[in-house]
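S.K.: Using the sequences plus the hints, can you model the full thing?
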Amino acid sequence: MSSAWLNLAYLTASMLFIVAFKLMARPRTAVQGNLYGAVGMAIAIGAAFFEEYVVRGRAEGIGGTVRIVLAMLIGGGIGGVLAVRAPMTSMPQVVALLNGFGGAASLLVAGAELHGLLARVGTRGYTAPDAYGQMILATAATGVIGAVTFWGSLAAFAKLQEYEQFKKPWNFPNQHAINAGLAVLTFLLCWWLAAVPTAWYVYWLLVIAASALGVLLTMPIGGADMPVVICLLNSYSGIAAAASGFVIDNNVLVIAGSLVGASGIILCQIMCKAMNRSLTNVLFGGFGGTASSGPSADDVYGGKVKSAGPEEIAMLFDTARRVVIVPGYGLAVAQAQHAVRDMANLLQSKGIEVLYAIHPVAGRMPGHMNVLLAEANVPYDLMKEMDDVNPMFPETDVAIVLGANDVVNPVARTDPKSPIAGMPILNVDQARTVVVVKRSLSPGFAGIPNPLFAADNTLMYFADGKKAVLDLVSAIKAA
Amino acid sequence: MTIHACLTLLAASGGGFDQFIRLLTVFLLAMWVGFEVITKVPPILHTPLTSGSNAVSGITIVGAMVAAGSAVAYAGWFSTSLGFLAAIFAMINVVGGFLVTHRMLMMFKKK
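Note that the protein sequences, when read in sequence, are chains A and B.
Counting in the working numbering, the first sequence runs from 266 upward without gaps.
Counting in the working numbering, the second sequence runs from 10 upward without gaps.
Some hints could be false.
[Said to hold, decoys possible] Now the in silico label distances, taken between C-beta atoms and shown as ranges:
1. W86/B x V349/A: 31 to 37 angstroms
2. G446/A x T34/B: 33 to 39 angstroms
3. W86/B x A460/A: 23 to 29 angstroms
4. I30/B x Q613/A: 58 to 64 angstroms
5. K118/B x P352/A: 16 to 22 angstroms
[As the list claims (entries may be wrong)] Partial selection, computed: residues in chain A whose CB lies under 7 angstroms from chain B:
6. F282
7. P292
8. G302
9. M306
10. R332
11. P352
12. S355
13. M356
14. L373
15. A507
16. A521
17. S523
Just so you know, these hints were derived from the structure itself, not from any lab.
Think of the CB as a built atom: it goes at the ideal place given N, C-alpha and C, for glycine as much as any other residue.
M.R.: Here's what the structure looks like:
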């Protein structure tokens, strides 16, 4: 196949990727979009069998094709099992792992290209291509981004999986100086490789340096900031793919990679905005150090907290017309989504309007809570974004907060000195009655007390999330 | 300074500079399209968007296939082995990404 046909196939694949993202704009068309993406990928894979080196490899024997097919079977098998087995609650871990594999693939491709080129020049007397300089720089860039992505993703995976050693942010003395030193070292190694492209070992040295950097940059970041880290690593995996496109001079890699890069950056911005923090602050700044400056928990709660049981709360629904449920990650941990959906159905059968208010950082990655609710058969048109639902709270009779804390803390609006000051929150305190289901008055990730729990219109329902909802369901049925 | 040095190096490599600018054009335009298209994806679909874009970043499978499919006599066993490994990783990404996205999106579709 001539290179024109090959490029036409890659162009078709690229267009399909763009259409795929476009169709993701609506839940109704998104399934189709994903299929378009898969078809695009299949076309690109089919075309790659006709790449010059692959064709020449086939002329030399069947080995090359066997390697390709075998690798695809192994990888496809692992990916398939991973995708089918993964529970929806661990979607962030799965995505982190997949990001990492993407980065690893890119860095290996760049390494393979470098070694392949050197072997061809050395043994077969090829002359180096015109684009040698660009290829070497792109190789170095791919190696660095790929290694940071791979090791950063593994560290993020370990944190999300909540392995004991990785749970706490991992701070070490002089971490900024060490990271800066590693970054400079990586950069110098890139420079060395560009100057002496035959020194292939420099490539692996810079991969090692960037690997250390990936781990050390991710480890100090706290669990609450993982949504941002996942988006960033997603973006990196795309940029690594684009960079490897520069290595092998291939448009489809550049286009697909930059689409993914853009997607990750956009989500990163949205997450940072939802936490009212800059990306630099998330990546390099600690969190919670200022917590002691605010009022203490005793000042906020002292004697003002009203607690209630399921029967008392069930009575609230007798006169209610609109109920808004505010789910947090605690709900997902308790696996209470299905119980919540049952409760919502019950309320709806009494003629009450039930909505779900979802804060952008409600789950562990962007949109995670929506997926968890969708799994429990909650229709997506009942899931409301923060900006849409906030104006509705003054006309809401009962707001039920389940496993959320910082994202409903009115201090973000009222106290400019608070560590969460300015963070966009769900204004549940404006509802006529607020029911907070929580085990205790313990603080959320921000480490500050929540005056909502002591507000006049708030009832605290101290219980485990799932049991609380189940008891509430029986109380409503009995009422 | 660094950028200038890089550009000088590229310019010195002749044809490579042309190629670099051509790919850079594609990169920036695709990035632009990406921003335009992806800002329209609603927050409710952000998780499937992430996993779906993940699958798309598995496009490195093309590079991996080229490396793995080359003849050992030309490219050397080390290069082809790296290509083999890369193809495994990229394929996990492709199959895992598209499948898991499909699983999630089907949950949104059902009523």
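S.K.: Does each hint hold? Answer for all of them.
M.R.: Going down the list of hints, with the structure as the test:
1. Look at W86/B against V349/A: about 34 angstroms separates their beta carbons, and that is inside 31 to 37 angstroms.
2. Restraint check, G446/A to T34/B: a C-beta distance of roughly 36 angstroms satisfies the suggested window 33 to 39 angstroms.
3. Judged by the Cβ atoms, the range 23 to 29 angstroms given for W86/B and A460/A holds: they are separated by roughly 27 angstroms.
4. Between I30/B and Q613/A the CB atoms are about 59 angstroms apart, so this pair conforms to the stated range of 58 to 64 angstroms.
5. Between K118/B and P352/A the Cβ separation comes to about 19 angstroms, which falls inside the hinted range of 16 to 22 angstroms.
6. Among the interface hints, the one on F282/A holds; its C-beta lies about 5 angstroms from the nearest C-beta in chain B, closer than the 7 angstroms criterion.
7. With its C-beta approaching chain B no nearer than about 4 angstroms, P292/A sits inside the 7 angstroms limit, and its interface hint holds.
8. For the restraint placing G302/A at the interface with chain B, the shortest Cβ-Cβ distance is roughly 6 angstroms, inside the 7 angstroms limit, so the hint holds.
9. A cut of 7 angstroms between beta carbons decides the hint on M306/A: the least distance to chain B is about 6 angstroms, and the hint holds.
10. For R332/A, the interface hint holds, since its Cβ comes within 7 angstroms of a Cβ in chain B; the closest pair sits about 4 angstroms apart.
11. Residue-level restraint check for P352/A is violated (minimum Cβ-Cβ distance to chain B is 11 angstroms; threshold 7 angstroms).
12. Hint on S355/A is violated. Least Cβ distance to chain B is approximately 11 angstroms, over the 7 angstroms limit.
13. At a threshold of 7 angstroms, the smallest CB-CB gap from M356/A to chain B is about 6 angstroms, leaving the interface hint in force.
14. Checking L373/A against chain B by beta carbon gives a least distance of about 4 angstroms; that is within 7 angstroms, so the hint holds.
15. With a cut of 7 angstroms, the hint placing A507/A at the interface with chain B holds, because the nearest CB-to-CB distance is about 6 angstroms.
16. Interface restraint check for A521/A: the shortest CB-CB distance to chain B comes to about 4 angstroms, inside 7 angstroms, so the restraint holds.
17. Contact between S523/A and chain B, as hinted, is supported at the beta carbon level, the nearest pair being about 4 angstroms apart and thus within 7 angstroms.
Of the numbered hints stated above, those contradicted by the structure are hints 11, 12, listed in ascending order.
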